[in-house]
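K.L.:
Residues per chain are reported as follows:
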Amino acid sequence: MNKAVITVIGKDTVGIIAKVSNLLFENNINILDISQTIMQDLFTMIMLVDIKDVQVGDLQEKLDVISKEMNLSIRVQNEEIFNSMHRI
Amino acid sequence: MLNPFEILETINMIDKENLDIRTITMGISLKNCADPDIDKVCEKVYKKITTYAGNLVKVGCDIEKQFGIPIINKRISVTPVATLVDVLEEKTIDNCVKLAKTLDRAAKDVGVNFIGGFSALVHKDFTDGEAALIRSIPRALAETDIVCSSVNVGSTKAGINMDAVAAMGRIIKQAAELTKDNGGFACAKLVVFCNAVEDNPFMAGAFHGEGEGECVINVGVSGPGVVKCALEKVKGEPFGVVADTIKKTAFKITRMGQLVAQEASKRLGVPFGIVDLSLAPTPAVGDSVAYILEEMGLEKCGTHGTTAALALLNDAVKKGGVMASSYVGGLSGAFIPVSEDAGMISAAQCGALTLEKLEAMTCVCSVGLDMIAVPGDTSAETISAIIADEAAIGMVNTKTTAVRIIPGPGTKVGDTVEFGGLLGSGPVMPVKEYASTDFINRGGRIPAPLQALKN
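Chains as they are written, first to last, in the numbering used here: chain Z, 66 to 153; chain L, 213 to 667.
Hints may contain errors.
Unchecked claim - The list that follows gives simulated cross-link-like pairs (lysine to any residue, SDA-like), each with its CA atoms no further than 20 Å apart:
#1 L:K228 with Z:Q142
#2 Z:K68 with L:E218
#3 L:K277 with Z:I103
#4 L:K459 with Z:I103
#5 Z:K68 with L:K459
#6 L:K531 with Z:K68
#7 L:K277 with Z:G122
As the list claims (entries may be wrong) - Here chain L is said to cover these stretches of chain Z; the calculated rule only asks that three of the stretch's residues, wherever they fall, bring their Cβ under 8 Å from a Cβ of chain L:
#8 75-85
#9 88-94
#10 132-145
Just so you know, these hints were derived from the structure itself, not from any lab.
C-beta atoms are modelled at their ideal positions from N, C-alpha and C, and glycine is treated no differently.
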């Protein structure tokens, strides 16, 4: 399994989850966990996904399209980074 | 499972606070390229570099893609080239320049942005090859684009080779003269060291030291912006809290460096050397070491208190970083290159930051007088004397110090010299107008200090 974390931050609007999860579906990416909250008035969604053979950089490029279209900040990052930074 | 705050903290560091891996540097030994025939040496050097580093840039970009972390530079360091010159039958300046051009071509062909190691270690004395290489530095740097050069003129164990110090003053002036159309740009690629380290991944001072193996991967992390943002959250708190905050941040930054270093080493099939825990600023807004010092409560970097603030920062970075990586090395500390740091530039422009204060700061941070533009009419002897002062600080304090100084021909105090890219732009800073000529002309060697006699 090749896990990555997708974060979506921005103004809440209709269809954010639909758009992102649809893109993941099209790329055969399985969503393992999802959490959503409002932080400092901003919609904040964090998804843990299994990106299998897809490169983080390639997925980022695809997400950038949605990011521009809906005026959101979307980042995808390999899970290992968070583990190495925050866990000893 | 990770909690959302940890995730968002990391995302913020990369997105907004300029966290990046500053450099992946491949060290390559050129020892087996030695040959009395210059053409054969050049051929062997070119072949070795392009074979070993052929994949370096691609692997760097792949890791960037896989992890989603920016890796700004991919670089190469090689065995000090003077070692090769020593074996040459004809140790001429032309032959040295030919070697520099070979390095330049090889580095460009593999796509790295700098290659370091056009170097000589002469802290005690010169060999014939080293003397020839040093004489060739101005031309070598003027006639190549991405070759970096360094000369080690002193060490705690050997003292200071004042003949080399005197020579470097003249070499820096010549290098500036040969590149006068670019503000003396060649000098930005030339570092004069005391106690040079063998595994430094940062340019312009990187070379692959005598004690190193065949090939190695060293990684330099950065992140002044991240430290500054972390300190914004502890405004007004006592220094214990400040130090703790820096340590925690340095730990996280270094862990990322360690991850990338291991991955690069695995993919390239090259041993992992060290992670260099340095706070290396860039001219980008928010990526400044000076702003960290100002965040601690100084109105402007360079004012009274700056040395103490820098000492705390430098120490806390190391303490936080050492546990995060299996091997820590290189220069590891805070860099204070004036032209590459928006806060330093601004402090120098308004007069808060002077050469004297910078010299004091180099006693407590990882390097020395770095990327400093001085007036074009500064004499070679004055530059040598500046080098001697820095070398003395390094020698006595058993630390690395360096001088990278640019006397752009025709520039005056108050001018700004543009270097472009990561090298930034530097305000021309005043030097003392009183001569040090007779001092420098003595020549010889300053004996090793008592600190050297530890056995």
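K.L.:
State for each hint whether it applies.
P.N.:
Outcome of the hint check:
1. L:K228 with Z:Q142: holds, 15 Å
2. Z:K68 with L:E218: holds, 16 Å
3. L:K277 with Z:I103: violated, 29 Å
4. L:K459 with Z:I103: Violated - the C-alpha atoms of I103 (chain Z) and K459 (chain L) are around 30 Å apart, more than 20 Å.
5. Z:K68 with L:K459: Violated - the C-alpha atoms of K459 (chain L) and K68 (chain Z) are around 29 Å apart, more than 20 Å.
6. L:K531 with Z:K68: Between K531 (chain L) and K68 (chain Z) the Cα gap is close to 31 Å, so the pair fails against 20 Å, i.e. violated.
7. L:K277 with Z:G122: holds, 4 Å
8. 75-85: Since 0 is below three, the answer is violated.
9. 88-94: Coverage by chain L is violated here, the residue count being 0 at a Cβ distance below 8 Å.
10. 132-145: holds (count 7)
Against the hints set out earlier in the document, violations occur for numbers 3, 4, 5, 6, 8, 9.
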